[in-house]
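Novice: Guided by the hints, dock chain B with the ligands onto chain A, whose structure is given.
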Amino acid sequence: MVAAAVAALVMVWLAYTIIVNPNLHWDVIVGFLLDGRILGGLWITIALTALSMVIGVALGVTAAVMQLSDSPVLRGAAGLYTWFFRGTPLLVQLIFWFNIGLVFPEIGIGIPFGGPMFLQWPANELITPFTAALLGLTINEGAYMAEIVRAGIRSVDPGQREAAESLGMRHRQILRRIVLPQAMRVIIPPTGNQFISMLKTTSMVSVISGAELLTVSQRIYLDNFEVIALLVVASTWYLLLTSVATVGQRFLERRFSRGH
Amino acid sequence: MATSMVKIESVRKRFGRLEVLRGVSLDVAPGGVVCVVGPSGSGKSTLLRCVNRLETIDSGRVWVDGELIGFSEKAGKLHHLRPEELCGQRQEIGMVFQRFHLFPHMTALENVMEGPRTVKGVARQESRRQALALLDRVGLADRAGHYPSQLSGGQQQRVAIARSLAMNPKVMLFDEPTSALDPELVQEVLQVMRDLAASGMTMIVVTHEMGFAREAGDHLVFIDDGVIVEEGPPREVLSNPRHDRTRAFLGQVL
Ligand SMILES: Nc1ncnc2c1ncn2[C@@H]1O[C@H](COP(=O)(O)OP(=O)(O)OP(=O)(O)O)[C@@H](O)[C@H]1O
Ligand SMILES: [Mg+2]
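Going line by line, the protein sequences match chains A and B. Position 234, counted from 1, in the first sequence is what UniProt numbering calls 234; the numbers after and before it change by one each time, with no gaps. Position 147, counted from 1, in the second sequence is what UniProt numbering calls 147; the numbers after and before it change by one each time, with no gaps.
Next comes chain A alone, as it looks inside the complex (with noise of 0.2 angstroms):
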């Protein structure tokens, strides 16, 4: 009673505070809220988490499955792939990423070890913000998610894959129809908590100019010097992407506890 007490009298403080706070410049809020330039962010920002999960998940699905296969070499790749990537900051890998042209000036198709190259284009003008982004986020996502699949993997009961087995069905059809979507239900709320993450981590793409959200709003703010107004203004949005993002984490958790 009293903690409750205590909790809204401090709640009420805060908002007075802030409302009636004229460093806060509301009309300045207000009115960057739905600009175009931060709206165009906001978009940027969406794809960027949209595209780096689904592309993270399809990784983090493969190197998973492999790191459970009986090949030595296979386990030893995927291995590898997680442990260095789970194991640099992505904010040195976004850098890398950015700046791989330093190291290959070419990046093209063709045979390996020197062979002839069928496609080949400068780095510089393939590696843009954007691509460099995309690259960083989705390879380090897939590393997270090698780690939650292969999790899930293993929580479903040997007998489903014995019993699967048979009837006859090859391994394939048994990761797809039997095994995955049993590990899903280990699966999906990590993968929502990734996801949500992955909104707020696109804001680091900023180091390389990556024209998200915050990067937008810096430059606003660089122009006018209303700092905290964007920083609010971006916030606003990331709060309203993460709010919305909870509600579907829901939504999909529900869908994939049936029958349990």
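Be a bit skeptical, because a hint or two may be false.
Said to hold, decoys possible - With a cut-off of at most 20 angstroms between alpha-carbon atoms, the simulated EDC-like pairs for lysine to aspartate or glutamate come out as follows: (1) B:Lys74 / B:Glu9; (2) B:Lys170 / A:Glu165; (3) B:Lys120 / A:Glu162; (4) B:Lys170 / B:Glu84; (5) B:Lys120 / A:Glu165; (6) B:Lys170 / B:Glu85; (7) B:Lys120 / B:Glu85; (8) B:Lys74 / B:Glu85; (9) B:Lys77 / B:Glu9; (10) B:Lys120 / B:Glu84; (11) B:Lys170 / A:Glu162; (12) B:Lys170 / B:Asp27.
Hint data in this document are derived by calculation from the structure and do not stem from the laboratory.
Specialist: Below, chain B with the ligands without anything else, positioned relative to chain A:
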């Protein structure tokens, strides 16, 4: 060989240093119902699992309907079958597990449809019709839309039997199908198995239900420590065991 539906010949299987099957041979005629009994850890489950190649045997041979399981024989040498060939052989061998292992994310109907749909590519309508008929046969037509978690143990096991039957197997293997059930649910599952036996299905049944072995079985095998100690017509073995180990074991379970 052509007269046996299942022929097991001198099968050996070891896990590491532990030899679990030490030369087991068994013949099951078409339509025959063989019951396997024995103490815990004697190798009963392993024997069944060697028949549908969930375990790879170390030596010996297994044939189902004249077809060598798990290997092809060329010029006297055995070669492991490729995974897709194994899948083909497993389709012919139904297996029912102690703990059911129904697919929890599918309804009873979907569980029964899964094999035909995914493995044989049977059309949805057709497999649905078959699955409903099978659920009816095990007395569960009215539970088609239920998920396994909404069914009792006995009902789940009957769905599991229907799921295996949907593949139209030549043999059915049962690994203690009633051991995980509450006592009052045992009979409904045994009844389905009796009906199945009466319909002419070839069955190998690992069980502690001596009543079932006596009435539905036409051959009883007592296995201990990886070898068949005694076998014969169920009534004879059960009422007149010749070996001390058989006598000791039956004394405990009867
Ligand atoms: N995959 C495995 N790896 C190692 N040892 C195993 C494996 N499967 C079974 N065993 C061992 O083999 C022996 C025989 O096991 P099996 O399951 O065939 O016995 P069982 O007769 O079915 O016993 P129960 O009545 O308890 O089911 C046991 O000692 C068991 O611990
Ligand atoms: Mg067993």
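Novice: Mind checking the alpha carbons of B:Lys74 and B:Glu85 for me, to see if they're no more than 20 angstroms apart?
Specialist: holds, 16 angstroms
Novice: Between B:Lys120 and A:Glu162, is the straight-line Cα distance small enough, at 20 angstroms or below?
Specialist: It holds: about 18 angstroms lies between the C-alpha atoms, which stays within 20 angstroms.
Novice: Take the C-alpha atoms of B:Lys120 and B:Glu84, compute the straight-line distance between them, and say whether it is at most 20 angstroms.
Specialist: Answer holds: B:Lys120 to B:Glu84 is near 13 angstroms, not above 20 angstroms.
Novice: Do the alpha carbons of B:Lys170 and B:Glu85 lie within 20 angstroms of each other, as the hint requires?
Specialist: holds, 17 angstroms
Novice: Quick one, are B:Lys170 and A:Glu162 close enough, alpha carbons at most 20 angstroms?
Specialist: holds, 19 angstroms
Novice: Tell me if the straight-line CA distance from B:Lys170 to B:Glu84 falls inside 20 angstroms.
Specialist: holds, 19 angstroms
Novice: Is the hinted pair B:Lys120 and A:Glu165 satisfied, with a Cα-Cα distance of at most 20 angstroms?
Specialist: holds, 14 angstroms
Novice: Checking one constraint from the list: CA of B:Lys120 to CA of B:Glu85, max 20 angstroms. Satisfied?
Specialist: holds, 14 angstroms
Novice: Has the given pair, B:Lys170 with A:Glu165, been kept, meaning a C-alpha gap of at most 20 angstroms?
Specialist: OK: B:Lys170 and A:Glu165 at ~16 angstroms, within 20 angstroms.
Novice: Checking one constraint from the list: CA of B:Lys77 to CA of B:Glu9, max 20 angstroms. Satisfied?
Specialist: Roughly 16 angstroms separates the two Cα atoms, so the pair holds.
Novice: Given the hinted pair B:Lys170 and B:Asp27, is their alpha-carbon gap at most 20 angstroms?
Specialist: This hinted pair holds, its Cα atoms lying about 15 angstroms apart.
Novice: Does B:Glu9 sit within 20 angstroms of B:Lys74, going by the straight-line distance between their CA atoms?
Specialist: Roughly 19 angstroms separates the two Cα atoms, so the pair holds.
Comparing the model with each earlier hint shows no violations; every hint is respected.
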